Amino acid sequence: MASTYPNTNMPVPGGPPPGTNGIPPPPGQPGQPRDESYFTESRKGEVNELRQLLRTFGTEKDRNRKRDIMKKVIAYMTLGIDVSRLFTEMMLAIETRDLVVKKMVYLFLCNYAETHPDLAQMCTNTLVKDCGNEDPMVRGLALRALCSLRLPQMIEYTSEPLRKSLQDGHAYVRKTGVMGILKMYHLNKEEFDKASFNDILYDMLRDPDSSVVTNCILVLNEIMADSGGMALNRAVMLHLLNRIHEFSEFGILSVLDLVPRYIPANDEEGFQIMNLLDPVLRTANAGAVVATIRAFLSIADAVGKRPGDDRDPDSPTVDDLKRQVVVRIKAPLVTLIASSSNELSYVLLKYADQLIDLCPGIFDDEYRQFYVRFSDPTHIKHSKVRILAKLANPQTAPDIVSELSELIATVDDTMGRIAVRSMASIAIHDSGGEGAVESIARRLVEMLDLQGIPHVSSEAAVSLASLVRRHPNITTVISAPLPRALKYITEPSGKAALIFLLGECGDSIVEAPYVLEKVIDSYENITDTGVKTALLGATVALFFKRPPEVQLMLGRLLKKTTDDVSSQDLHDRALFYYRLLRSSPDPTLAKAIDDDSELRAALMNEFNTLCTIYRCRAENFIDEENLVKFVKMPPEHPLPRDGNVAPIVDPGVNNLADQFGNASVTDVPAPAAVISAPAYSAEVDLLGFGDDLAPSGPPPLSDTNAEAVVVSALQMRTTPTSTDAVESSLGTFHIFTMASGELPTEFKFFLYCQEEGGGYFLIQAVAQKAPPSLALTIKPHGGDNDRNKRREMIDQLIELIKTSLGE
Amino acid sequence: MISMIMVLNQKGEIMISRQYRDDVSRVAADSFRIQVIAAKEASSQPPIKRIENCSFLYTRHLNMYFVALTKSNVNPALVFEYLFQKIRVLKAYLGEEFDESSMRNNMTLIYELMDETMDFGYPQNCAVDVLRLYINLGNVKPQDEPEPEQLTKQITGAIDWRREGIRYKKNEVYIDVLESVNLLISSSGNILRSEVTGKVQMNTKLTGMPECKFGLNDKLVIEKESTGARKKPGVEIDDCTFHRCVRLGKFDADRTITFIPPDGEFELMRYRVNDNVNLPFRLIPAVQEEGQTKCSINLKVIANFSEKLFATHVVIKVPVPKNTSKSKIKNSFGRAKYEPEQNAIVWRIKRFPGKAECMLSVDLELVRTVRPKAWVRPPINVEFQVPMFTASGVHVRFLRVYDKSGYHTNRWVRYITKAGGYQVRI
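Chains R and A are the protein sequences, given in the same order. Position one of the first sequence corresponds to residue 7 (this note's numbering), numbered consecutively onward. Position one of the second sequence corresponds to residue 1336 (this note's numbering), numbered consecutively onward.
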């Protein structure tokens, strides 16, 4: 029997006797089913057998059997069995045309290179040779393997193939090469500095292939982490943004993550970027959506007006803009929460929570979305209930409170507690409108009597205690059942809260001192320090309300507590009260208000990272070497009032302009062409090293010598049917559209046209749907300076636009 | 960036692990096993766990844990999207229900996929169709192997969801509109929440690189198109998201959905409708507790959809107190019985015709308990499927396929409405 197995696998002495199924599973992998093809028991003998097999590898003809041998080796490796003894044999197999075998050898190599550096060094030549293979796939794979060896002494071999790969004709090799640079950086920083890859990487941001660009951004961000991430200027940012629709699902994130670090040159550019990114909110990738939200918020931060700013009084403030952003992203976020998997919902709920803190009130009307579903996992239920409390306003509070009270009696104890706490927090923040505080207090009082569910009654007591601190006037509502409740609430926290309440409501509860006296007399039975402390505090409080009845028992209590050595805190506190009372019975209590606005602001800066999930700053949970503080790039081009407006090409707009190109009459002036041509064509210096090459887009909106003409509330007979219709009609008058959109209540158009003298007019048109009316803002730029003539032109323009809009 | 991806089985043993960075080791799997898997906490704890400055982000497929380890401050949504994408890729290769043994049998393939979808902790190419082009060891039938030249172009091209040169004899598109209704009704009969989340799934078998245009009865579009007299009511779609093949700029400009579809099955869009939901079933419960030992429950169920349709797989769970000893059930349709392990009367109706009404009446006898504890009254839960019915009223108006060769396309549309969380409190 035993002879069928190699004798190295004989059962240990004293183990079960060898039998049909007496083979003990090898250590380290208990319960491995025996019938699995590659994961049968590992034995030293088998490693030797494998070596035998590998030796036949060279002569083996069948491709599949070759692969099988390799698979066996890799299977052992996965199990954590040391098969490094096969290194030499494996290296012989590297010379193969079969990609699958090659990949497995590379995997083996990368896994054991660290422990066998000298052996690994032997195969570098083969790898370097493979880097020059005719098949781009092999080149890429070999390069990846070469860079993943993690051997500092190999740097000299890697830097040359790396450099070559960056100029490879195939994007797959280039993209692998870019990642290789990062691996080299982590291996040996000095060698890396010598190689000076940085400039090449910046150049490669212009690569025609988006996956190469993605990797460049990622790599640069990591290499430059010490100086706050990849250096970013306007030209680079705009170049990337203009190409954003080319990027893959995950690649788009790398670009979006750059946006928060960029300060737009001026307000218009900021808004243009937002318009450009708006479609991303509709992608199904939650990561991209959240990254867009973060980008929006940061732009709002940069563009919005701050107090003390001497800008145009009409321009929106930071807070206004942020609110607008949150309003815009609300629907996509809610959809994602409702339709995503549990894991993503959890993450997104945390984000929603933070956004609600940022802009209270905005999510209020969606409160039903945060109702708990029976099938939700517990942690999602908890998050939802916490959020629900923040959504209360006078309209929604009754619904929310009754929803919360439904949850109190669920099987999940924590859930019940959170529901009670959430309910109390509505009252504490007074967000439920008139009468809400009192009705919630009544509900909480009812809960005190829920003897069947001890954790709820205890939690209710704790909540009432916090409620009384905030609204002292509710003591009359809640005082009656307190003495009764003290008998059956057993949880320490609840008991402590009740005792506190007895102290606070002492003037409306007649028997308060006598209830407390009983507790004081059984002081020795109290084990929890919290209860003792509460008792001390409550008795002192009551003493000030009803001195004659309490004086004696306070004395007894002070004696007991100062003698109590179980808690330093309690002891000190008792002494403190004692001395305070001895000097003068008029203690002033300092109230500290918990203010976490600073933390919130810091968290907002790190939105869309783990910080939001853990609700603490990155320093607190990330090791120093992994901590990256991305910094905003200084706007090295202040570009305030006279610079060129950013030439961002929105794909949507691009399309429209193309349509014009086909439909327009022959003598169209230049501007139409400017819009439809990609702002940065491949020949143009993409990185903006020559600023003079900046293309001539529509002229800047802000011109000092021109004054805007504002026409508001023009009566209209009808409203336009669609933006397309208006745009084509405007097109026949040679008025062109930069951007347009339809909102539920209005249409917006941003138009421009050129007069004969070469001057421009920039027009913003807002058409209200009901009642039909039109507001126009027209800014002339350049051209004739004769006021009357200009006024005439503007009047003509207004007529034209009115006609186009459906008059 | 992600430092390591591991796949653990139910016992917490590493099945597959791929280390992308040096800052974590396989030992970390132990702490995950002890703190998450062994603690049996995985279902109630958040999917992100921090153990000594190392964050574990995990999700499950069947009984396997897919865990991403990181020590840096990552974007968690990105990591989860990657893990899901990874599972999707594995499903494409190993079949929808791939399990431990199929993972183990294909682990070289999985290593290949691990390397191709992520490099040094950053997601790379995760599109199934492109991966299939050059990684074809698994169940995926090896397709005619393209020239290397063309291949790398595909791997990194702008349209990474479809390859060129696809050919079908018959050009067909299957469209499935799947909706799930979420409903919560309070014990007083008020609708607390009613909402439909829907998705449009497609299975395309189309030749070449066709351009598709897709239209739903979206209120905004319909209002724009129809003028004056013959206005058909449209559905107000609160919000929608799309597969990445859809041209979003175009949608934002005029709400048309245009795209070049991936080959085979994919999810074109998801949407959400809050208003004017047609609830397929109406439930009218009446519960009476008579003293401590008796309780009676009456339930009337009315199907609110057309007579031509019928619902299938209707399961209505009526909760009963834990101390129920005897139950007397009378019902007009289907089969109902008391299932003590669920603490509920489970009423199954295989086929529920439209506009029909059913009654269930239950008399319960309860055992006296030493310490009477109030019955928490969980909600009545309903499961069902109604084919060819949409609770939101959404329907497909058209799907146009344009290709250079101008071939004819057959289109098939199906609708199914399912219960998401369909609950009535009692």
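Hints in this document: simulated from the structure, not taken from any laboratory. Don't take every hint at face value.
[As the list claims (entries may be wrong)] Sample of chain A residues at the chain R side, in silico, Cβ under 7 Å: (1) Ser-1390; (2) Thr-1394; (3) Asn-1398; (4) Leu-1413; (5) Phe-1415; (6) Asn-1506; (7) Glu-1507; (8) Lys-1554; (9) Ile-1557; (10) Gly-1584; (11) Arg-1607; (12) Arg-1617; (13) Ala-1621; (14) Ile-1637; (15) Phe-1733; (16) Gln-1758.
[As the list claims (entries may be wrong)] Pair by pair, the computed Cβ-Cβ distance ranges are: (17) A:Asn-1613 - R:Thr-724: 42 to 48 Å; (18) R:Pro-460 - A:Glu-1700: 36 to 42 Å; (19) R:Asp-320 - A:Gly-1599: 38 to 44 Å; (20) R:Arg-57 - A:Gly-1430: 33 to 39 Å; (21) R:Ala-237 - A:Glu-1431: 44 to 50 Å; (22) A:Glu-1602 - R:Asp-209: 36 to 42 Å.
[Said to hold, decoys possible] Under the rule of at most 27 Å between Cα atoms (straight-line distance), these lysine-lysine pairs were calculated in the BS3-like manner: (23) R:Lys-336 - A:Lys-1346; (24) A:Lys-1384 - R:Lys-635; (25) R:Lys-754 - A:Lys-1753; (26) A:Lys-1384 - R:Lys-78; (27) A:Lys-1534 - R:Lys-775; (28) A:Lys-1534 - R:Lys-336; (29) R:Lys-775 - A:Lys-1426; (30) R:Lys-336 - A:Lys-1559; (31) A:Lys-1554 - R:Lys-78; (32) R:Lys-808 - A:Lys-1426; (33) A:Lys-1426 - R:Lys-754; (34) A:Lys-1534 - A:Lys-1554; (35) R:Lys-336 - A:Lys-1657.
These numbers come from a predicted model, not from an experiment. All residues carry an ideal CB built from backbone N, CA and C; glycine is no exception.
Here is what the structure says about each hint:
Of the supplied interface hints, the one on A:Ser-1390 holds, with its beta-carbon coming within about 6 Å of a beta-carbon of chain R, less than 7 Å. Hint status for A:Thr-1394: holds, given a least beta-carbon distance of 5 Å to chain R, under 7 Å. This hint is violated: A:Asn-1398 has a C-beta 14 Å from the nearest C-beta of chain R, more than the 7 Å allowed. Among the interface hints, the one on A:Leu-1413 holds; its C-beta lies about 4 Å from the nearest C-beta in chain R, closer than the 7 Å criterion.
Of the supplied interface hints, the one on A:Phe-1415 holds, with its beta-carbon coming within about 5 Å of a beta-carbon of chain R, less than 7 Å. Because the closest C-beta pair between A:Asn-1506 and chain R is about 26 Å apart, greater than 7 Å, the hint is violated. Interface restraint check for A:Glu-1507: the shortest CB-CB distance to chain R comes to about 24 Å, outside 7 Å, so the restraint is violated. With 7 Å as the threshold, the beta carbon of A:Lys-1554 stays out of range of chain R, its nearest partner Cβ sitting at about 11 Å, so the hint is violated.
Contact between A:Ile-1557 and chain R, as hinted, is not supported at the beta carbon level, the nearest pair being about 12 Å apart and thus beyond 7 Å. The interface hint given for A:Gly-1584 holds, since its Cβ lies 3 Å from the closest Cβ of chain R, which is under the 7 Å cut-off. The interface hint given for A:Arg-1607 holds, since its Cβ lies 5 Å from the closest Cβ of chain R, which is under the 7 Å cut-off. Because the smallest distance between the Cβ of A:Arg-1617 and any Cβ of chain R comes to about 19 Å, over 7 Å, the interface hint for this residue is violated.
With a cut of 7 Å, the hint placing A:Ala-1621 at the interface with chain R is violated, because the nearest CB-to-CB distance is about 19 Å. The beta carbon of A:Ile-1637 is not positioned within 7 Å of any beta carbon in chain R (closest approach about 22 Å), and the interface hint is therefore violated. A distance limit of 7 Å between C-beta atoms decides the matter here; for A:Phe-1733 the minimum to chain R is near 18 Å, and the interface restraint is violated. Interface restraint check for A:Gln-1758: the shortest CB-CB distance to chain R comes to about 6 Å, inside 7 Å, so the restraint holds.
Look at A:Asn-1613 against R:Thr-724: about 34 Å separates their beta carbons, and that is not inside 42 to 48 Å. Under the hint 36 to 42 Å, the C-beta atoms of R:Pro-460 and A:Glu-1700, about 29 Å apart, miss the expected range. At roughly 53 Å, the beta-carbon separation of R:Asp-320 and A:Gly-1599 lies outside the given 38 to 44 Å, and the hint is violated. For the pair R:Arg-57 and A:Gly-1430, the supplied restraint of 33 to 39 Å holds, since their beta-carbon distance comes to about 35 Å.
The hint said 44 to 50 Å for the Cβ distance between R:Ala-237 and A:Glu-1431, and at roughly 46 Å that hint holds. For A:Glu-1602 and R:Asp-209, the Cβ-Cβ distance of about 39 Å falls inside the hinted range of 36 to 42 Å, so the restraint holds. Between the alpha carbons of R:Lys-336 and A:Lys-1346 the distance comes to roughly 41 Å, so the proposed pair goes past 27 Å and is violated. Between A:Lys-1384 and R:Lys-635 the CA atoms are separated by roughly 23 Å; this keeps the pair inside 27 Å, and the hint holds.
The hinted pair formed by R:Lys-754 and A:Lys-1753 fails the criterion: a straight-line CA distance of about 40 Å is larger than 27 Å. For the hint linking A:Lys-1384 to R:Lys-78, the alpha-carbon distance of about 34 Å lies beyond 27 Å, and the restraint is violated. Of the supplied pair hints, the one linking A:Lys-1534 and R:Lys-775 is violated, its CA atoms being roughly 32 Å apart against a limit of 27 Å. Of the supplied pair hints, the one linking A:Lys-1534 and R:Lys-336 holds, its CA atoms being roughly 20 Å apart against a limit of 27 Å.
Restraint check for R:Lys-775 and A:Lys-1426: the C-alpha separation of about 50 Å exceeds 27 Å, so the hint is violated. For the given pair, R:Lys-336 sits about 25 Å from A:Lys-1559 by alpha-carbon distance, which is consistent with the 27 Å threshold. About 59 Å separates the Cα atoms of A:Lys-1554 and R:Lys-78, which puts this hinted pair outside 27 Å; it is violated. Of the supplied pair hints, the one linking R:Lys-808 and A:Lys-1426 is violated, its CA atoms being roughly 57 Å apart against a limit of 27 Å.
A distance of roughly 46 Å separates the Cα atoms of A:Lys-1426 and R:Lys-754; the hinted pair therefore is violated under the 27 Å criterion. Our distance criterion of 27 Å between C-alpha atoms is met by A:Lys-1534 and A:Lys-1554, whose separation comes to about 17 Å. About 42 Å separates the Cα atoms of R:Lys-336 and A:Lys-1657, which puts this hinted pair outside 27 Å; it is violated.
In summary, the structure is inconsistent with hints 3, 6, 7, 8, 9, 12, 13, 14, 15, 17, 18, 19, 23, 25, 26, 27, 29, 31, 32, 33, 35 from the numbered list given earlier, while agreeing with the others.
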